[in-house]
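Chemist: Just so you know, the protein sequences line up as chains A and B, in that order. Just so we're aligned, residue 102 is where the first sequence starts under our numbering, counting upward by one. Just so we're aligned, residue 2 is where the second sequence starts under our numbering, counting upward by one.
Quick caveat, the hints were computed from the structure, so don't treat them as lab data. Quick reminder that beta carbons are idealized off the backbone N, C-alpha and C, glycines included. Incorrect hints may appear among the rest.
[Unchecked claim] Pair ranges (Cβ atoms, derived):
id	chain 1	residue 1	chain 2	residue 2	range
1	B	Arg226	A	Ala164	31 to 39 angstroms
2	B	His134	A	Ala155	50 to 58 angstroms
3	B	Pro77	A	Arg174	21 to 29 angstroms
4	A	Leu105	B	Ala165	31 to 39 angstroms
5	A	Arg334	B	Arg118	30 to 38 angstroms
6	A	Gly291	B	Gly74	29 to 37 angstroms
7	A	Ala191	B	Arg9	53 to 61 angstroms
Spelled out from the first residue to the last, the chains are:
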Amino acid sequence: MGFLALLVAIWAVASRSGDRFLFPGPDDVALALRDSVRSGLLPRAVLKSLARLAVGYSVSLVAGVGLGVALARVRWVKDTLGAVVLGLQAIPSVCWLPLALLWFGLGEMAIQVVVVLGSLLSITLATESAVNTIPPLLVRAARTMGATGGRLWLRVILPAALPGIVSGARLGWTFAWRSLLAGELLFISGGLGQVLELGRELHDMALVLGVMVVIVALGLASDHLLFGQLEARVRRAWGLDRA
Amino acid sequence: MEPLIALRGVTKSWGGAGSRLALSRVDLDIAEGEFVCLCGPSGCGKTTLLNLIAGLERPTRGEVTVRGAPVRGPGPERTVMFQESALFPWLSVQRNVEFPLEMAGVPRAERAARVERYLKMVHLWRTRDSHPHELSGGMKQRAAMARALVGEPSILLMDEPFAALDAQTRDVLHGELERIWLETRKTVVFVTHNVREAARLGDRVVMMGTRPGRITRDLAVKLARPREANDQDVTTLAGVIERELKIEIEKVIREELDDAWTPAGGGLPGAAGRDLGGGI
Numbered sequence: 102m103g104f105l106a107l108l109v110a111i112w113a114v115a116s117r118s119g120d121r122f123l124f125p126g127p128d129d130v131a132l133a134l135r136d137s138v139r140s141g142l143l144p145r146a147v148l149k150s151l152a153r154l155a156v157g158y159s160v161s162l163v164a165g166v167g168l169g170v171a172l173a174r175v176r177w178v179k180d181t182l183g184a185v186v187l188g189l190q191a192i193p194s195v196c197w198l199p200l201a202l203l204w205f206g207l208g209e210m211a212i213q214v215v216v217v218l219g220s221l222l223s224i225t226l227a228t229e230s231a232v233n234t235i236p237p238l239l240v241r242a243a244r245t246m247g248a249t250g251g252r253l254w255l256r257v258i259l260p261a262a263l264p265g266i267v268s269g270a271r272l273g274w275t276f277a278w279r280s281l282l283a284g285e286l287l288f289i290s291g292g293l294g295q296v297l298e299l300g301r302e303l304h305d306m307a308l309v310l311g312v313m314v315v316i317v318a319l320g321l322a323s324d325h326l327l328f329g330q331l332e333a334r335v336r337r338a339w340g341l342d343r344a
Numbered sequence: 002m003e004p005l006i007a008l009r010g011v012t013k014s015w016g017g018a019g020s021r022l023a024l025s026r027v028d029l030d031i032a033e034g035e036f037v038c039l040c041g042p043s044g045c046g047k048t049t050l051l052n053l054i055a056g057l058e059r060p061t062r063g064e065v066t067v068r069g070a071p072v073r074g075p076g077p078e079r080t081v082m083f084q085e086s087a088l089f090p091w092l093s094v095q096r097n098v099e100f101p102l103e104m105a106g107v108p109r110a111e112r113a114a115r116v117e118r119y120l121k122m123v124h125l126w127r128t129r130d131s132h133p134h135e136l137s138g139g140m141k142q143r144a145a146m147a148r149a150l151v152g153e154p155s156i157l158l159m160d161e162p163f164a165a166l167d168a169q170t171r172d173v174l175h176g177e178l179e180r181i182w183l184e185t186r187k188t189v190v191f192v193t194h195n196v197r198e199a200a201r202l203g204d205r206v207v208m209m210g211t212r213p214g215r216i217t218r219d220l221a222v223k224l225a226r227p228r229e230a231n232d233q234d235v236t237t238l239a240g241v242i243e244r245e246l247k248i249e250i251e252k253v254i255r256e257e258l259d260d261a262w263t264p265a266g267g268g269l270p271g272a273a274g275r276d277l278g279g280g281i
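Looking at chain A on its own, in the form it has when it is part of the complex (with noise of 0.2 angstroms):
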């Protein structure tokens, strides 16, 4: 907290000794801010992008998990699939978007198309490998006691396998909200991301350096609240990390 206060008050007075309209200090940033919310325009954007966010990354984390497991464990899923996905993993969430802006129109089908292509594999590479890096000595010791089959998966691999894919979740978290971002940018949908390109636009910098502070500040929030928490209790519950 006070290396953040430090930082702020750097940056004014950096802002001071330089060019306001394109360096504008944290005083013109907030107002810019306040200005936003009390118009409804950033509020609306905010709810805008979490709704779609919640939505692209539901499906992802669905996904990749399915296929990750797929992969892990099914022999001619792995031989066919697995060069592709490593494969699609070098094309940025983004370079999606005229591919999906073509196929489905200018619409939420587009956008959603960017974000779950941003997140699926990575859930999917973290799934695979936390599944294929169980102790070997469970799943023997599992199937002595009578698991099998269904009962083996649900109560044996998955929850062994749990911290790794909390961790791919997570991964997949912030790259669903990148891709988003990327994706509102590029095209007019409401959103954060378009707000920021609106702030360009009216070379309103404040507002362009006002949208960035709430991306962080929503990154950071959710990340740490909903993911580090779960993470943690995970690895402390596992014994993974000594509490």
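Given chain A, put chain B in place with the hints provided.
Modeler: Using the frame of chain A, we list chain B on its own:
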């Protein structure tokens, strides 16, 4: 009497052509209620033999039967304890011990009573809500023992269950295992490379040799129970087993190390005193 467990001409090889023989034509009968120790150097196939009885592996040739029926996979009448506890880290001790009963479809009320009985038997009832990572190595193996016993199997298969423990804890657990065995009269197959452990626990010590894995000697142990690790008879018997196994152990070391290694003199088989006490 028909043996409880019977191995007939059991051969196990790893890999395809040019493969290594883990076990070569092993015949072994184990009677109901017997405590059999399988003892031998690393690579003699003693763990493989246990896994074949457990149904975790299938023989390449030959047959493993339990009560006359061929073993086709793991089953609830044969439970296994490993060198590591293999407890599920996300479950409490109580839930871990309950797990095999859940898999067997035992009703909830009966599960609770059985879990309590076996946790008390291994003296872990007070720590039932702890998670495995909060337990010491000895406590983990106690929990694993309760988990192996709770389904009331007729056969308990143990794969060096105390090898990773310190000597004092191991001594205590030997006593506990002997007590529980005297109470429950399970058939126990206990794999170990520790000759003193074999002499301390077994009714029978089956010694194994390597390349290929095979049984070299089957020794009946007629010592009174309960035994102590420092009983003179146990120590003497351990010495006998050790001398028997030494030639096999040296074979392994010679293959693993450079040519220059030579065995220390003295304890070679054939030396005087080799059979001391062996036939009792």
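Chemist: With respect to the beta-carbon atoms only, verify the hint that proline 77 (chain B) and arginine 174 (chain A) lie 21 to 29 angstroms apart.
Modeler: With a Cβ separation near 25 angstroms, proline 77 (chain B) and arginine 174 (chain A) satisfy 21 to 29 angstroms, so the hint holds.
Chemist: Quick check on a hinted range of 53 to 61 angstroms for alanine 191 (chain A) and arginine 9 (chain B), using CB atoms only.
Modeler: Given range 53 to 61 angstroms: holds, Cβ gap about 57 angstroms.
Chemist: Please test the hint of 29 to 37 angstroms on the beta carbon pair from glycine 291 (chain A) and glycine 74 (chain B).
Modeler: violated (58 angstroms)
Chemist: Using the Cβ atoms, figure out if leucine 105 (chain A) sits within 31 to 39 angstroms of alanine 165 (chain B).
Modeler: Since the Cβ atoms of leucine 105 (chain A) and alanine 165 (chain B) sit about 48 angstroms apart, the hinted range of 31 to 39 angstroms is violated.
Chemist: Could you tell me whether the CB distance from histidine 134 (chain B) to alanine 155 (chain A) stays inside 50 to 58 angstroms?
Modeler: The hinted range 50 to 58 angstroms is violated for histidine 134 (chain B) and alanine 155 (chain A), with Cβ atoms some 34 angstroms apart.
Chemist: Does the Cβ-Cβ separation between arginine 226 (chain B) and alanine 164 (chain A) fall within 31 to 39 angstroms?
Modeler: violated (60 angstroms)
Chemist: Quick check: does the Cβ-Cβ distance between arginine 334 (chain A) and arginine 118 (chain B) fall within 30 to 38 angstroms?
Modeler: 32 angstroms Cβ-Cβ, so the 30 to 38 angstroms window holds.
Going through the hint list in order, the structure does not satisfy hints 1, 2, 4 and 6.
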